[in-house]
Amino acid sequence: EAQVTQNPRYLITVTGKKLTVTCSQNMNHEYMSWYRQDPGLGLRQIYYSMNVEVTDKGDVPEGYKVSRKEKRNFPLILESPSPNQTSLYFCASSLWWRDTEAFFGQGTRLTVV
Amino acid sequence: GQQVMQIPQYQHVQEGEDFTTYCNSSTTLSNIQWYKQRPGGHPVFLIQLVKSGEVKKQKRLTFQFGEAKKNSSLHITATQTTDVGTYFCAGCWDSNYQLIWGAGTKLIIKP
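Top line first, the protein sequences correspond to chains Z and P.
The numbers in the first sequence follow the numbering used here, run straight up by one, and end at 113.
The numbers in the second sequence follow the numbering used here, run straight up by one, and end at 111.
Isolated chain P, as found in the complex (with noise of 0.2 Å):
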């Protein structure tokens, strides 16, 4: 079935240092949506994606939709601690009825 892998895992920064995550999709995807879990929360929707090469800014978060829409980026300029949390992106194709998500980045900023 469909899988969307995103890297890396962990990442740790310390406040003011930059954030990247990424995710890929071995087929094209219809569109693909990011969202944020804070620590002991439940996701919340950020953005969606849906066209190829698209790129949209939400203050210092910047995502991208590659060319070819397999994969896709969320990064994050000067972080601050109110940006902790754990990232995910979930892909949709159009052969399926459901959301594939990406296992998540967690955003760990070093005291």
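So here's chain Z without its partners, still in its complex pose (with noise of 0.2 Å):
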């Protein structure tokens, strides 16, 4: 079954504690991204990358670090997460960046305390 695996679904977690939050997708698209979802703002693109070893910063990387060392997997790092990242995220994939279906994963729930 086509998919984007997001793990873990919640997490409730300490400033300054790293975590990451893994994704990976078994359809063999290009482009995945981060998004980052809050009340009454939509999803605001945190980074993405177009294929692999190739990331870039989207409308709000601070905080954030991503890697794509595969190309089915990209992983979302918080180094020192603060409260302010407390939020519902989103993996999502793509055949390429447009034009293309964006299919997500199911979600990742995270508070920070």
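Everything labelled a hint here was simulated from the structure, so no lab data went into it.
Nothing here was measured: the structure is a model prediction, and the numbers come from that model.
One thing to keep in mind: the hints can contain errors.
[Stated by the list, open to error] Here are the simulated BS3-like pairs of lysine-lysine, each with C-alpha atoms no more than 30 Å apart in a straight line: (1) Lys57/Z x Lys36/P; (2) Lys57/Z x Lys51/P; (3) Lys57/Z x Lys56/P; (4) Lys57/Z x Lys59/P.
Both chains come to you apart, so use the hints to assemble them.
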């Protein structure tokens, strides 16, 4: 089954404790991205990747890191989480950056206390 | 940077009434996509519009792309409880490698 798998689904952590949210897709998609969703703000892109080893900042990259060592995986790293990073996070993949539909993971609800 | 404005933020309707959400960009879009997010779920692709003045239908849903490719709308005829959720538009420009999302319109069916 074609899918984007994110883990974990829920995470509560403390300020400053490094964490990684994993994302994997099995559709051989070139383009992957991370979004955060906050009430009233829609989805805001954090980082995106056009291909392996090619990543770039989205609209809200501060406090986040990503890597794309393999085509299927695109982890999101919070080196020192802060409470303002409490949000719902989605990973998405698509065949290319435009003209193709984006497939989303199930989401990760992160709370930083 | 590019922005997509989407209104209204919420729309309360009685079941059977129509629903419309609108998206606007200040600059010409390359294309626009529409997604639906059910409560507690993730966004799911509905459709993509590419051509100026394009109109596409999916059963009770009608999608339009303006002649200038700066605005788009989604209209649902005779809403049903299964339509509940948040509808997002996402715009794409030739000048960048991102989808820029509207804030979404939440469809609420009044009991």
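Against the structure, the hints come out as follows:
For the suggested pair lysine 57/Z and lysine 36/P, the alpha carbons sit about 25 Å apart, so the restraint of at most 30 Å is met. Simply put, lysine 57/Z and lysine 51/P have alpha-carbon atoms about 29 Å apart, close enough for the 30 Å limit, and the pair holds. In summary, the hint linking lysine 57/Z to lysine 56/P is not supported, as the alpha carbons are separated by about 33 Å, beyond the 30 Å threshold. Restraint check for lysine 57/Z and lysine 59/P: not satisfied, since their Cα atoms lie roughly 38 Å apart, outside the 30 Å limit.
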